[in-house]
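Colleague: Produce the complete structure using the sequences and hints provided.
Numbered according to the numbering used here, the sequence shown spans residues 3 to 130.
Calculated from the structure, these hints are not laboratory results.
We put the CB at the ideal spot given by N, CA and C, even for glycine.
There's no promise every hint is true.
If you anchor each label on the Cβ, the simulated ranges turn out as follows [to be verified]:
#1 S61 <-> E117: 24 to 32 Å
#2 A109 <-> D53: 17 to 25 Å
#3 Q46 <-> A14: 40 to 48 Å
#4 S40 <-> C93: 17 to 25 Å
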Amino acid sequence: MSHDWRNPERVAPWKPRHRFRTTEAGIVAAARYREMMSAAQRAQDARVALDEAKQEWASSLGVRSGDGILLEEMAGGAVSLADLQPTLEACNLTLREARGVLDRLIAAGLIEPLEGITQDRWSPRSSP
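Modeller: Right, here's the structure in full:
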């Protein structure tokens, strides 16, 4: 994927039914996320503790603090954006934002697409 200065956070055009699988590292990261969120909820100031725990979890993996929610859903069995729809609505995430989360989770090695995305989806077909 080439860099587009007009849209620095360009995301892959994943279709709602495109299937993904959670990697072993993703399963471990989702379990760690659940543990950290559970511990933070028991803190004196749970709201601050949750924010700090999410940030710590995310920075250790090179993702964003809100990405853990979708990773947790995927580790629990969701395999596509269509499966994640109820979570997206509950979190007020657009399809574009969710695609960005998927891209970050893929880049971090936490999930992987079951079918590859081809380069021609990003650039015009070149004639031979």
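Colleague: Evaluate each hint against the coordinates.
Modeller: Structure-based check of all given hints:
1. Between S61 and E117 the Cβ separation comes to about 31 Å, which falls inside the hinted range of 24 to 32 Å.
2. Distance hint for A109 and D53: a CB-CB separation of about 23 Å, consistent with the stated range 17 to 25 Å.
3. A C-beta distance of roughly 41 Å is found between Q46 and A14, which places it inside the suggested range of 40 to 48 Å.
4. As the Cβ distance of S40 to C93 is approximately 19 Å, the hint placing it in 17 to 25 Å holds.
The structure shown violates none of the earlier numbered hints.
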